[in-house]
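Residue numbers (our numbering), protein chains in the order written: chain A, 1 to 111; chain B, 1 to 115.
Incorrect hints may have been included.
Here are some, though not all, of the chain A residues that point toward chain B, as calculated from beta-carbon distances under 7 Å [what the hints assert, rightly or not]:
hint, residue
1, GLY16
2, ARG42
3, SER46
4, THR103
Across the chosen pairs, the derived CB separations fall in these ranges [to be verified]:
hint, chain 1, residue 1, chain 2, residue 2, range
5, A, LYS17, B, THR82, 38 to 46 Å
6, B, THR82, A, GLN9, 38 to 46 Å
7, B, GLY3, A, ARG106, 22 to 30 Å
8, B, ASP56, A, GLY41, 42 to 50 Å
9, A, ALA79, B, THR71, 25 to 33 Å
10, A, PRO111, B, PRO18, 26 to 34 Å
11, B, VAL52, A, PHE110, 43 to 51 Å
12, B, THR77, A, ASN95, 21 to 29 Å
13, B, THR82, A, THR78, 24 to 32 Å
14, B, GLY40, A, ASN18, 25 to 33 Å
15, B, SER84, A, LEU11, 40 to 48 Å
16, B, ASP56, A, GLY16, 40 to 48 Å
17, B, VAL52, A, THR70, 40 to 48 Å
No lab work stands behind these hints, which were simulated from the structure alone.
Every value quoted in this text rests on a predicted model; they were computed, and no experiment measured them.
Idealized CB from N, CA, C, for every residue including glycine.
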Amino acid sequence: KNQVEQSPQSLIILEGKNCTLQCNYTVSPFSNLRWYKQDTGRGPVSLTIMTFSENTKSNGRYTATLDADTKQSSLHITASQLSDSASYICVVSYNTDKLIFGTGTRLQVFP
Amino acid sequence: DAGITQSPRHKVTETGTPVTLRCHQTENHRYMYWYRQDPGHGLRLIHYSYGVKDTDKGEVSDGYSVSRSKTEDFLLTLESATSSQTSVYFCAISEFASGDNEKLFFGSGTQLSVL
Chain A
1 KNQVEQSPQS LIILEGKNCT LQCNYTVSPF SNLRWYKQDT GRGPVSLTIM
51 TFSENTKSNG RYTATLDADT KQSSLHITAS QLSDSASYIC VVSYNTDKLI
101 FGTGTRLQVF P
Chain B
1 DAGITQSPRH KVTETGTPVT LRCHQTENHR YMYWYRQDPG HGLRLIHYSY
51 GVKDTDKGEV SDGYSVSRSK TEDFLLTLES ATSSQTSVYF CAISEFASGD
101 NEKLFFGSGT QLSVL
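With the rest of the complex left out, here is chain B (with noise of 0.2 Å):
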């Protein structure tokens, strides 16, 4: 998975506990992003970031706060889950922006589950 992995892959945690989730990355790619992926719903953005310390939100960013202090690293944080929050995680990069003809590599995705 092109040097990506997030961790931990699999979660389960109560409403209203605080839950991270971390993206590291050996591509030394500018851009990092995390998106949920629920049935029926094709990926969602929900943060991204644009260099170390540059962040941003997505379409579906209430709820969830991110972090970029190195390069490598972009930490997603769920404040107080909720079962809303329960979903497939996929943290991706790209060496330029998303838009241009810039191809995503995603990590192996994390399954969160808030009870």
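One chain only, chain A, in its complex shape (with noise of 0.2 Å):
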């Protein structure tokens, strides 16, 4: 069963530390995998998208990581900041047209 698992469920950093979300899949076959932010009462920003050739990218402090071997991703916050609170969700392509959602990390980032 395709699936997209994601942990921990909900975190909580003090503003200005690194965090760490991980993603785990076992989705085939794989055609590409992205984060995204959502902020509370919004939808959806892409963060980054990886294909199955590229193991990790950066887009500002977020930075993505791919192991297509162990069907594994990471995304990694640096110098976290009040505005980074919200859910990160890890989304999987297959098949060439269909998407497959984790339900999500809630990050919240206090002062």
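With the hints in hand, could you dock these two chains into one complex?
Pasting the structure below:
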């Protein structure tokens, strides 16, 4: 069964600290993996898209990694800011045109 | 939100009534999608459109219908709303098929409550 699992479900950190969010997937055939940020009451916004051949991609303070062999991805946030408080959703594309969404990690950054 | 407007933003309705949600885009993108988001579930695809009058079902299409008479508008209709359709509904657009290395752009969502 195609699945995307994210951990932890929720995370609290202090402003300025780094954190790493995890995504494990059992999706085949794999096309690409995406990370989205969703602020409360808003729609998701794309952070990164990685194909099979890419193992790292950065977008400002956000760095995503992909290990296609172990089917794991991580999203690392450096020097967190209050505005990073949001849900982060891992999405895997398969069969060239289908997407499966994880349930997200809710991150809260406190001053 | 990338030129996507969803209306209404909030809706409260009664079981058995018809409900139509509207998604309007100004990006002239070919593909439009309706998703629902529920606690404990990832976003799930209801229906999508790949052109004017061209639509197809997603994974949770039962109880929903869609129409796209113009490039910019994609309507989602609940023919007879049920409490299980209480959810947050998101419209999304993309220039090419979503499975390609193609970003999806999402609207701000419609919170629908069916009492």
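Taking the hints in turn, this is what the structure says about them:
no.	hint	verdict
1	GLY16	violated, 29 Å
2	ARG42	holds, 6 Å
3	SER46	holds, 4 Å
4	THR103	holds, 5 Å
5	LYS17/A - THR82/B: 38 to 46 Å	holds, 44 Å
6	THR82/B - GLN9/A: 38 to 46 Å	violated, 28 Å
7	GLY3/B - ARG106/A: 22 to 30 Å	holds, 28 Å
8	ASP56/B - GLY41/A: 42 to 50 Å	violated, 29 Å
9	ALA79/A - THR71/B: 25 to 33 Å	violated, 42 Å
10	PRO111/A - PRO18/B: 26 to 34 Å	violated, 47 Å
11	VAL52/B - PHE110/A: 43 to 51 Å	holds, 48 Å
12	THR77/B - ASN95/A: 21 to 29 Å	holds, 28 Å
13	THR82/B - THR78/A: 24 to 32 Å	violated, 45 Å
14	GLY40/B - ASN18/A: 25 to 33 Å	holds, 28 Å
15	SER84/B - LEU11/A: 40 to 48 Å	violated, 30 Å
16	ASP56/B - GLY16/A: 40 to 48 Å	holds, 47 Å
17	VAL52/B - THR70/A: 40 to 48 Å	holds, 43 Å
In the structure shown, a violation is registered for the earlier hints numbered 1, 6, 8, 9, 10, 13, 15, in ascending order.
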